[in-house]
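Enquirer: Full structure from sequences and hints, please.
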Amino acid sequence: QQQVKQSPQSLIVQKGGISIINCAYENTAFDYFPWYQQFPGKGPALLIAIRPDVSEKKEGRFTISFNKSAKQFSLHIMDSQPGDSATYFCAASPGTYKYIFGTGTRLKVLA
Amino acid sequence: DTAVSQTPKYLVTQMGNDKSIKCEQNLGHDTMYWYKQDSKKFLKIMFSYNNKELIINETVPNRFSPKSPDKAHLNLHINSLELGDSAVYFCASSQERLRGYTDTQYFGPGTRLTVL
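If you're matching them up, the sequences are chains A and B in order.
According to my numbering, the first sequence is numbered sequentially starting from 308.
According to my numbering, the second sequence is numbered sequentially starting from 845.
Derived by calculation from the structure, the hints in this document are not laboratory data.
Treat the hints with care, as some may be off.
[Stated by the list, open to error] Computed cross-link-like contacts, DMTMM-like style, restricted to lysine to aspartate or glutamate with a CA-CA straight-line distance of at most 20 Å: (1) A/K349 with B/D874; (2) A/K405 with B/E902; (3) B/K888 with B/D914; (4) A/K405 with B/D874; (5) A/K378 with A/D391; (6) A/K415 with A/D391; (7) B/K915 with B/E897; (8) A/K349 with A/E333; (9) A/K375 with A/E333; (10) A/K349 with B/E868; (11) B/K915 with B/E868; (12) B/K880 with B/E902; (13) B/K884 with B/E897; (14) B/K880 with B/D929; (15) B/K888 with B/E902; (16) B/K915 with B/D929; (17) B/K866 with B/D929; (18) A/K349 with B/D882; (19) A/K405 with B/D862; (20) A/K312 with A/D386; (21) A/K364 with A/D391; (22) B/K896 with B/E940; (23) B/K888 with A/E333; (24) B/K888 with A/D391; (25) A/K312 with B/E902; (26) B/K915 with B/E940; (27) A/K375 with A/D386; (28) A/K375 with A/D338; (29) B/K853 with B/D929; (30) B/K853 with B/E902; (31) A/K405 with A/E363; (32) A/K312 with B/D882; (33) A/K349 with A/D386; (34) B/K885 with A/D338; (35) A/K322 with A/D386; (36) A/K405 with B/D882.
Since the model is a prediction, treat every value here as computed from it, not as a measurement.
Expert: Right, dumping it as structure tokens:
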């Protein structure tokens, strides 16, 4: 119940395309769902986050879609750029002190 | 100014040794964390501290002992290092959740530990 399942494991997208990464959870106590971006040799950095009281949140080219009934959420990267090539992690938290991370998606955007 | 800093960045040591990793945050946050990222990039929480008090210990072997001398520092001491301890260790911090506050975690740059 504490797991967050993330797919796909890796993703290759053409420049200008849409990258979609999906996550699913089981624990209904989770109430905060962030996405992190990690470049090689760096720590993860928050990209965008959502709470279950909204179904979608958009920040620039990044959008989170949230389906509370299905217990799924996804990250959409519009107009993907080579600079977006990184590893992306979804996460879920039932409270401030604990975060469960997905297994990561390695995104490569081809120029 | 670096928000969350860790030292050292790289640590290479022999099995059986004891080593420490230091973490400092200058964000004024109440909560600090240690994460372990293995070779497959899987990121797993180890400890959470709030106002210098241990909140979460995710079944980490007691060879790992975190110490928080003050709210801005959370150090990780590892005794009797084993080959399986080789990983990247990340420190992070966040502000305690209050109404209207986000739970943004700020991660340090990581410490790559290699046990030979």
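Enquirer: Tell me, in ascending order, the numbers of any earlier hints that this structure violates.
Expert: 1, 3, 5, 8, 13, 16, 19, 20, 24, 27, 30, 31, 33 and 34
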